[in-house]
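Chemist: Single-letter residue listing:
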Amino acid sequence: MSELLQSRAAIEEFLYREAELLDDWRLPEWAELFTDDARYDIASLDSEDPAKADPATSLFVLADDKTRIVSRAKRLMKKTAHAEYPHSKTRHITGNVRLGEIQGNERAVRANFVVYRTKGDKTVQYMGEAHYLLVANDGAIRIRRKRCNLDLNTLADQGRLTIIL
Amino acid sequence: MADQAIRDRKLVHIDQPKGRFRVHRDAFRSAEIFAVEKELIFAKCWLYLGHVSELRNKGDYLARTVGGRDLIFIRSRAGELVAVFNTCAHRGARVCREKRGNAKNFSCPYHGWVYNTEGKLLSMNAERGFPQDINADGSLNLRRVPRLEEYRGFYFVSFDPDAISLSAYLADAKGFLDVMCDQAEGEIEVLPGEHAYSIGANYKLLCENSYDGYHLLPTHISYLEFLDERNQASGADSAVAFMLKQYAKQGRARGLGHGHAALESWVPTGRPVAQWVPAWGPEIKQEIEATRARLEQKFGKERAELIADVQKNMVIFPNLVINDNVGFTLRVIEPTGPSSMRVNAWAFAPVSESPRLRALRLDNFVSFLGPAGFGSADDVEMLELCQRGLDHAPLEWNELSKGMNGEGDPRTQECGPDDEGQMRAYWAQWDLMMRGASAFSGS
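Chains as they are written, first to last, in my numbering: chain G, 1 to 165; chain W, 1 to 443.
Do not take every clue at face value.
Keeping only pairs whose Cα atoms sit at most 27 angstroms apart, straight-line, the calculated DSSO-like set for lysine-lysine is [claimed, not checked]:
#1 W:Lys38 to W:Lys174
#2 W:Lys402 to W:Lys10
#3 G:Lys122 to G:Lys74
#4 W:Lys285 to G:Lys66
#5 W:Lys298 to W:Lys285
#6 G:Lys74 to W:Lys245
#7 W:Lys174 to W:Lys301
#8 G:Lys122 to G:Lys79
#9 W:Lys245 to G:Lys78
#10 W:Lys10 to W:Lys44
#11 W:Lys174 to W:Lys285
#12 G:Lys79 to W:Lys245
#13 W:Lys99 to G:Lys52
#14 G:Lys66 to G:Lys79
#15 W:Lys245 to W:Lys402
Calculated from the structure, these hints are not laboratory results.
All chains, please: the whole structure from these sequences, using the hints.
Modeler: Structure representation (structure tokens):
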């Protein structure tokens, strides 16, 4: 059992650091926060139970394994990732962090989030609950699973979801 | 009545001898033209409502907005599929507030009028005050949409009681739908989940984009690089470089009549039915190749190739996209103004597909498609850049001349996969309808 995962302060610090990497567009570093068997998922916004939805049987908005997490980060840094050129300004606000039971070297953590995205003169927001499965590996916290359940029914206001939540 | 001045405008300029095809930019930005489109196109054409697999049980329903009208699509308790307007005959309230579900009846939350699943008024929630025979003619039932017809399980409505049949309307698009549906050894179904988003652009820009082979390289180079890296990681050659060399030499785009058109092209994304790529690993190769072999046996080599290898992008006039490429997707484009639209997209799959192919299909779908995909979002950016450019410069014409060839009706011509004949087919139909000219054959 890892001491790191027992510490609320260490877990919160980790989540804040993740948010900072995203807001600073240090996306390849962000991708390194994930374990090799990691997943980053966002279920369909009309899913009745987004926490339980399965990307193998229903259409997700985003369903990345580690390879695609890395590819997503890499692609978004290119000028040819047109939807994010010029890069949006983003601000990730993470709060209401709730710690689950520690099981082995893993701990489930839930947090509320609001992400503001500004492109051109338009600002939109993405809000919801993030479900993490964190793992302590070699003295560092890593993400094994991250699923963002959005409190949205459609992306009518946001249009697209090209930033990372 | 449509404003005659708009009907008389020449918004589509075709000069076949000079090989020029131009569309006036007001078609993308004018509120007056948009109002006429609603009257002369959206109130006349067949518009997609839903798929039979979404209403499996008696009482199942979907609330959808189609061509600006709120509808309920219901499998009645008697088992019949019906489409009604989602508004109480009494004072107008929406009677169905959920997006989907199963109902014994529909009851208006305002004064408690109750309708059965066929739309028949059962109760006015009043013991006195109304004439006994007030609904003798059925005029207080939920109003049926004038026309509801289907082709291979795809249900369409028309608000024009005199519209030609859906079958005649779809023209050669039917044959193309057949090819897509024939990938299933049995029925196809809509999978759970949807992509619902908005785009700040005229709806026709997305129609044009949805089967545009010309934009593939500049717009989607970052997706192609992703594909290439994935291939190379699995030890395969650069299939993408090969494809780019071959792209314009294989495939074609062609008009299917009545403004519908399709693009057939080769892009090595891999397809569960039935094109294996090395990135998917050797375990699944056998299953995909077995499917392919069965297709060849059933349909012959040529049709099997069309089903399995060819990427198919089709636009059914005026606002429906059915693509079978990186995924099998249906996309409804709902205009919300001259420079804005809502998009709803779903994933289709063969019902009998194995769990691992299903998972692969869905994974492939979201890699490119949808608001977080590596492809669609960049398309959206292009459309919004177009709208911005069209709205903010006093220029007159868009140029859609690439691959113009020959005389005849642009609605049934063929051209190369990176030409623009498919858009010309669309615009030729649009032009006829906007001028109130005869635009349909068949009945």
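Chemist: Which numbered conditions among the earlier hints are violated in the structure presented, ordered from lowest to highest?
Modeler: Number 11 only.
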